[in-house]
Amino acid sequence: MGIAPVQGLERDAGDEDSAWLGDFVTGDLLALITTVDANGMIHTRQVPNTNPEFHGELWFLSAFGLPLLDEVRVHPDVLVTYADSGSGRYVVLNGVADVVRDPARLQAIWRPALASWFPGGPDDTALALIRVRIESADLWE
Amino acid sequence: MAQAELAVPAMERFDGSDHAAGLHAQFHVRPAALAELRRLIRRSRVALVTTRDMYGALHTSPMVPSDRQFDGELWFAASASSPIVDHVLSSADVQVTFPGGRSGRCLVLDGIGHVCRGAELARALWQAELSTIFPRGPVDKGLVFVRVRVMSGDVWE
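In the order they appear, the protein sequences are chains A and B. Letter by letter, the first sequence follows residues 1 to 141 of our numbering. Letter by letter, the second sequence follows residues 1 to 157 of our numbering.
It should be emphasised that the hints constitute simulated quantities derived from the structure, not laboratory data. Ideal Cβ placement from N, Cα and C applies to all residues, glycine included. Hints are all accurate, no fakes.
Label pairs and their in silico Cβ distance ranges:
1) A:27 <-> B:35: 30 to 40 Å
2) B:141 <-> A:55: 39 to 49 Å
3) A:26 <-> B:151: 32 to 42 Å
4) A:105 <-> B:71: 44 to 54 Å
5) A:64 <-> B:123: 52 to 62 Å
The shape of chain A in the complex, shown without the other chains (with noise of 0.2 Å):
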């Protein structure tokens, strides 16, 4: 791998082989989610990865009070990126995200791990779901 970019090739997230991305983002890799926020700032943050499958949609946790669930509401537009750097392979989703309250979904995503991220537990009011259509992806190898 030179010092330019990796290859890359575009897939359409609903191709019929898209096998390959729930793959990929089903995984533990940690997600990285970009968002802009108001003053046209972009960030980046690691979150956990809580999609044990996936249908075209990304479901991540956050918190109310938090800057991201602000920057998503004012540019739905994110990108999440899953980075294996073991193997060399990246890929980049282009989705458009939303805020959900659903306490079901919610318990059902639930996992001890991730009390070190939001240690008041699955039944916090606080907590919020992020939804993330899938809109295209990019896979670099």
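Add chain B to chain A, keeping to what the hints say.
For chain B alone, kept in the frame of chain A given last:
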């Protein structure tokens, strides 16, 4: 004249002396923190570079920075005709993420991007791996460098 051959306007022309000044004025960091920044940068060889196009849409591409020791600036080789060059020229706000993978610390650096070229600079930053993309070597007219001058950063656990 050589510059006019490229379809890239308004690029800064550098000579080799200009970027050798070391830690630039805007980026102040404690020595211990600088050592940790360098460690995180070296650890994940590939950086995710996020830019915006002329419509404001976000783009992230994996890129490998120059081996040069980090002193507040990151350098990325790019083709003069690549989209990232257009993005940086229209919106200089660039974010560079060194991902943590499955559990590690993730480094996010905010900076100002600048497209640079010039024979001295290309010789100074040339690395052997670049010859697969720029077979004519550092004199290749299509070779430019995106310099990201880091203004602030965050580490995510």
